[in-house]
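A.B. asks: The residues making up each chain are set out below.
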Amino acid sequence: MINEERFWETSIAEAVSDRTPPDVTARVFAELAGEVQAPETRKRPRLSRLALELVAVAAVVVAIGLATGILKLPGKDADGGELLPPKEVAAAPGAEYAYKEGIFELKSGWMLVTTGAPTVVCEGSELTKVDGRVLIHAGSMPPGERPEPVNNWLNANSVETDMVNNFKHWVKGVGLAALVLSGSAILDGQEVKAPEPEPQSTAEWHVVRSVMDIDNLPAGAKYVNADGESAALLDFLAEVESIEAISLRGAIGIRPDHLESLKALKSLKWLDIRGALWEPQADDTFDASTDLSIAALEAMPALTRVGADLIPVVLGIQQDDVPLDATLPVLTRLSAKGVAIELGSWNPDSLELLGRVLKQLPTLSGIEISYATKGEMKLLAAHENLRRLRLTDYSAGDIGLAYVARNITLDELSLHASNITLDEIHQVSRMSSLRLLHLNGELAGSPDRCFETLAGMKQLRELELVNLELNEDALPAFARFAGREPLDRLRVVHDVLVAGAEGMDLMLAQQIPTRRLEVGDYWPHFESLSDLSSVDESLRKGDAATQLTVLCLEDGKTFDAGDLETSHADLFKAYPNLKRIEIRRGAFEVPVMEDQFVRWLKESLPDVEVVVTP
Amino acid sequence: MTAGTETEKHDLARIVREHQRDIWRFLMALGCQPAEAEDLTQETFVAVFRGGFEYRGPNETASYLRKAAKHRFISSVRRRRRSPVVRNLDDVDVEWGRFESRCDGDRRVELLQRCLETLGDRARDALAMRYRDDLSRADIAAKLDMKDAGVRTLLDRARTALRECVERKLKGHD
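Residue numbers (the numbering used here), protein chains in the order written: chain X, 21 to 634; chain U, 713 to 886.
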């Protein structure tokens with residue numbers, strides 16, 4: 021047994037210290053009875069890490085960034101115009117332009133224009149009233165082949181090259197071609213809109229939990245999710261040549277040799293190992309430079325997007341003993357090559373440190389920050405390529421969010437805090453390109469006004485509400501959602517440990533029109549058909565709501581599948597518009613039970629697509 | 713099974729009392745501090761009971777509870793960005809089950825306390841400083857006027873002696 025030594029140490033510690041296991045019986049039953057526990061006190065943990073000599077590396081990276089056009093320096097343009105244009109307009113490397121008297125003139129090359137941008141003119145064309153994101157190319161339609169710096173720039177701005185290459189989505193004006201990535205704009209007096217989104221197809225993501233799952237992957241499988249599973253699965257995934265993306269977030273026991281094996285995947289574009297638990301070769305000879313090496317990523321030619329931790333969690337090693345430079349040098353070099361970087365949860369020790377990391381990673385497109393301060397938010401808001409921001413237990417308040425709202429165009433924002441205030445929601449509503457909003461925590465003070473504000477956010481396509489503490493008084497505010505276009509996706513869930521809110525979740529879900537609904541927390545949530553009547557009504561409202569996702573979070577599985585079959589049969593049949601049922605797998609469950617349930621669903625509802633996703 | 717009727721509550725309370733010591737010790741072995749182990753033990757039972765628990769005998773229940781506890785621990789590790797002290801997290805619950813099957817935790821601790829009395833003062837002091845007072849090896853070395861490497865050897869030998877002593881007693885040789 022690998023861990024036996026540790027087990028003995030624990031027993032010896034108990035014998036030596038006279039510590040005895042506590043009796044939690046009363047606490048368990050108090051919790052089950054719904055008694056309110058004292059709120060958890062949150063303190064910003066002190067981190068004491070060695071300061072790093074990053075300045076020299078940062079300087080090199082900035083130089084590379086400038087050379088590739090990923091970074092911009094303020095200054096005058098060639099025509100002696102004003103200083104660089106506002107943040108709503110971003111020019112690609114090599115583009116020629118002028119910015120005078122509030123009008124932007126593109127002379128050649130590429131440009132990304134976002135909500136609130138000034139008028140853009142180009143050879144007789146005029147682009148105005150941009151509400152969303154529009155990619156433009158001076159003159160005619162863009163060529164299929166692009167210089168590498170332009171591809172890197174597109175990638176850093178989260179523009180899918182497949183979409184750029186699809187010429188049927190481009191609109192030709194008098195003097196420029198435009199691709200509306202989201203929202204709408206006026207081109208030469210005509211409204212142009214983003215193409216209708218393809219139906220969301222999470223089925224393309226194949227969940228694997230065993231080698232058997234890998235063996236059974238369909239031919240040509242591209243996207244694989246093994247979140248929370250053993251990292252050793254990578255050795256077998258490396259045999260599936262068609263794979264383009266692997267999500268292995270929170271994987272257990274990852275090692276450099278697992279990443280080495282992935283070099284065989286010549287088409288691998290996206291790898292996400294954020295939150296993975298690393299396994300050193302031996303805890304008494306731990307060497308971060310070898311035990312945590314991600315150098316193999318540099319040998320993956322197709323890689324365009326990487327999710328990783330700056331300071332990985334290492335099994336058997338104190339967190340303070342893991343240096344910051346364990347993954348940063350490789351991420352720095354990947355960023356310099358234009359690979360989009362997303363960082364997992366990080367609590368920067370200082371403003372200076374955060375500033376250095378942001379400089380070194382110019383293509384940083386996503387980050388999760390815990391305990392973010394106003395100063396840190398200001399720095400983040402100056403990082404123009406940032407598109408996805410997750411904040412946990414932040415102290416930055418509405419001021420911090422205001423920096424972000426004014427300076428960068430976020431696509432996704434996650435706020436996880438004990439209290440989320442109306443002031444903060446107000447700033448969120450000003451993020452004009454925000455497509456996905458995730459709220460986890462209590463809406464403090466005026467939840468009804470918070471939801472009124474959220475309902476007015478036309479730009480929002482996906483809304484996730486987790487563990488919201490609401491009562492029926494807040495429901496009238498949801499009427500504001502009734503008039504708006506349906507969301508693409510709505511998730512209303514509670515963690516299994518937060519009791520007593522199931523009914524409110526369902527009432528909420530009923531109020532907000534959506535094309536896809538994700539509800540649930542654990543299976544007993546749906547103990548009878550009457551529990552689901554509100555969801556049933558929501559799905560009956562129109563053609564829009566055709567998808568139901570049943571989420572299984574945390575530990576919410578039972579030993580017995582019997583209840584599922586009897587209580588869900590008529591339920592699913594009751595949805596006339598239902599085309600798809602998605603069963604979300606929890607992190608902890610009994611797969612056999614799930615397989616039986618899924619098989620039963622498929623047999624009972626032959627016309628409905630039934631898929632299992634992470 | 714849910715905590716609906718008095719009988720069901722009684723049954724669940726019995727399950728908590730039967731298994732909570734094992735779950736707390738298992739969480740301590742994973743690297744929890746005592747207070748965190750207590751919180752996660754509570755969370756484990758709450759989550760499992762809310763999830764529609766069905767009793768299937770002591771061994772299967774223990775195994776299920778350990779899996780649930782491990783999952784809660786991993787969530788906590790990710791949330792708090794703190795490293796677990798075990799190296800093989802994949803199978804640690806199974807390993808712990810095997811470890812416990814050789815000797816119940818209460819009995820093992822009782823035997824260890826008896827075996828501690830057979831150690832010399834210096835070894836006992838070193839163990840107390842390490843595991844009761846949570847001192848580093850360097851601090852222990854300073855207090856015992858020893859070199860760092862000497863403390864390491866002393867602790868290694870003391871642990872081995874205790875382990876052998878317990879195993880001898882379990883086999884009835886002492």
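It cannot be assumed that every hint is accurate.
[As the list claims (entries may be wrong)] To spell it out: a stretch of chain U is covered by chain X in this simulated footprint if at least three of its residues, at any positions, have a beta carbon under 8 Å from a beta carbon of chain X; those stretches are:
#1 728–737
#2 740–746
#3 750–756
#4 806–816
#5 851–861
#6 871–880
Derived from the structure by calculation, the hints contain no laboratory data.
All C-beta atoms, glycine included, are put in the ideal place defined by N, C-alpha and C.
A.B. asks: Need the list of violated hint numbers for this structure, in ascending order.
C.D. replies: 5
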